[in-house]
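Its first residue numbered -9, the first sequence is counted upward by one per residue in my numbering.
Derived by calculation from the structure, the hints in this document are not laboratory data. Fair warning: there could be bad hints in the mix.
What the hints assert, rightly or not - List time: in silico DSS-like cross-link candidates among lysine-lysine, alpha-carbon distance up to 27 angstroms:
#1 K141 with K308
#2 K67 with K46
#3 K207 with K85
#4 K67 with K88
#5 K207 with K90
#6 K18 with K90
#7 K264 with K152
#8 K207 with K110
#9 K85 with K(-5)
#10 K402 with K128
#11 K110 with K18
#12 K141 with K264
#13 K207 with K88
#14 K46 with K74
#15 K141 with K402
#16 K152 with K141
As the list claims (entries may be wrong) - Okay, the calculated beta carbon distance ranges per label pair:
#17 S56 with H285: 54 to 60 angstroms
#18 L80 with T340: 41 to 47 angstroms
#19 K207 with A242: 34 to 40 angstroms
The C-beta atom is built at its ideal place from N, Cα and C for all residues, glycine as well.
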Amino acid sequence: MLELKQIRESPELVQTRLQRRSAEYDLKPILELNRQQQELESARTRLQARSNEIGKLIGQKMQAGSDPKSPEIQSLKEEGNQIKTQLSELEPQEKEVKNKQLSFLLSFPNLPSESTPIGKSEQENVEIRRWGDEYLPKISNLLPHWEMGEKLGILQFNRAVKVAQSRFVNLVGAGAALERALISFMLDQQTAAGYLEVMPPALVNSQSLTGTSQLPKFAEESFKCEGDDLWLSPTAEVPVTNLYREEILDAASLPIHHCAYTPCFRREAGSYGKDTRGLIRLHQFNKVELVKIVHPETSQQEHESLVRDAEAILQALKLPYRVVELCTGDLGFGAAKCYDLEVWLPSSNTYREISSCSNFTDFQARRAGIRFREPGKKGTRLAHTLNGSGLAIGRTMAAILENYQQSDGTVKIPEALQPYLRREVL
RNA sequence: GGAGAGGUGGCUGAGUGGUCGAAAGCGGCAGAUUGCUAAUCUGUUGUACGGUUUACACCGUACCGAGGGUUCGAAUCCCUCCCUCUCCGCCA
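Could you put the whole structure together from the sequences, leaning on the hints where they help?
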């Protein structure tokens, strides 16, 4: 959520920076609503002040022993009733204007950072660096990972479809063990890098989804539980960031670094026909997520180090990848700046996103009320929130199943993973 | 799921219609003091929005789980919901 005060005081600046994302954002309606809201609010406040005054006066007189039926008290009561009538007209108006204002406010994305490259779409994302060319697979006739997985008997798609739907998978034997090994390996590495592991609820309420800005705009992207205000979490970003919702933290407790393994659930609405095979786009997948809550002055460095921590997993697994900075047109809704890590996927001859590392600045913190207090200073400040995958497990498995294929038709297990899986080939 | 109890400031905990943003204690902060490593004393102590001010600051409004209602006036009374605890049942 953007700051209303900033929109009001420097609308041109906000407008210009929103326009870098796309032309669809118009601040005029919200400025007008805000003007109305302030007018209604000050009228209401004046009435309420007088009403409080009347209440106090009557209280004083009654305690001094006045007759409740005395003309003096009766006329005060009468004035109180008039105010109540006036308020009952003003209040619904103000509430309506406020609600409209809030829904506008919630519909605006974060302002891109000054350093974010300007562009319209994915095409204009900027490659920052590339790593691991020497590990690109050298054999030809590679199988796509889903074929390799079925050949090895470790991935079952048809049976998962029977149990649930398309876009689900059942992992078998070494496949399930590999998934588990990847989770443990990533958590161990991120914990060693200083992230405190948490295991949050997999179901989250609407307030949490609003806090991290999946709601209200992306409701159709998540699975909703009928009969409860609960959704299947689409990413650990939601439960982990919201652990601190509506809290005022001590500055000394920052930065907070968490890692979390969670299952993630996404409806993938509108992606029909895309990535229909394999592990790339499933309704349910596992992920190890990194979440940071930090002092605003440090969020840039924290962002860079977050990316390095995610990259470290790919490097440890010796998987070729590149780092791409998203341009303003491709930037996620809440992000001010975002780097994607893309792993090499030989079957489709491209780099595919395996981690997305975003700095949300104060955007989520304002929605979720995550603040901190500095000793000796008055008031509170909004923290900055960041997160990134470290990494998506299924896509990592896909990358291994493809990049580690050997000419004899087996798949080698990355050395870093061998202690976890206790085997060297599949 | 059934029966009961309860949700008050950073914490403990008073407050059942009137000057209550809320007693008291603890903690925190500031000051004073004492040679004994901490104690004592004094003062202070939330958040948000809006307004006035160069500023220190001041003023108004809201906030006692959430949302409605009654009333001139609600932490206090009524309704709905959420959550917590205890006992029983069920369950990994």
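Exercise for review: Return the numbers of the hints above that this structure violates; sort them in rising order.
Suggested key: 4 and 18
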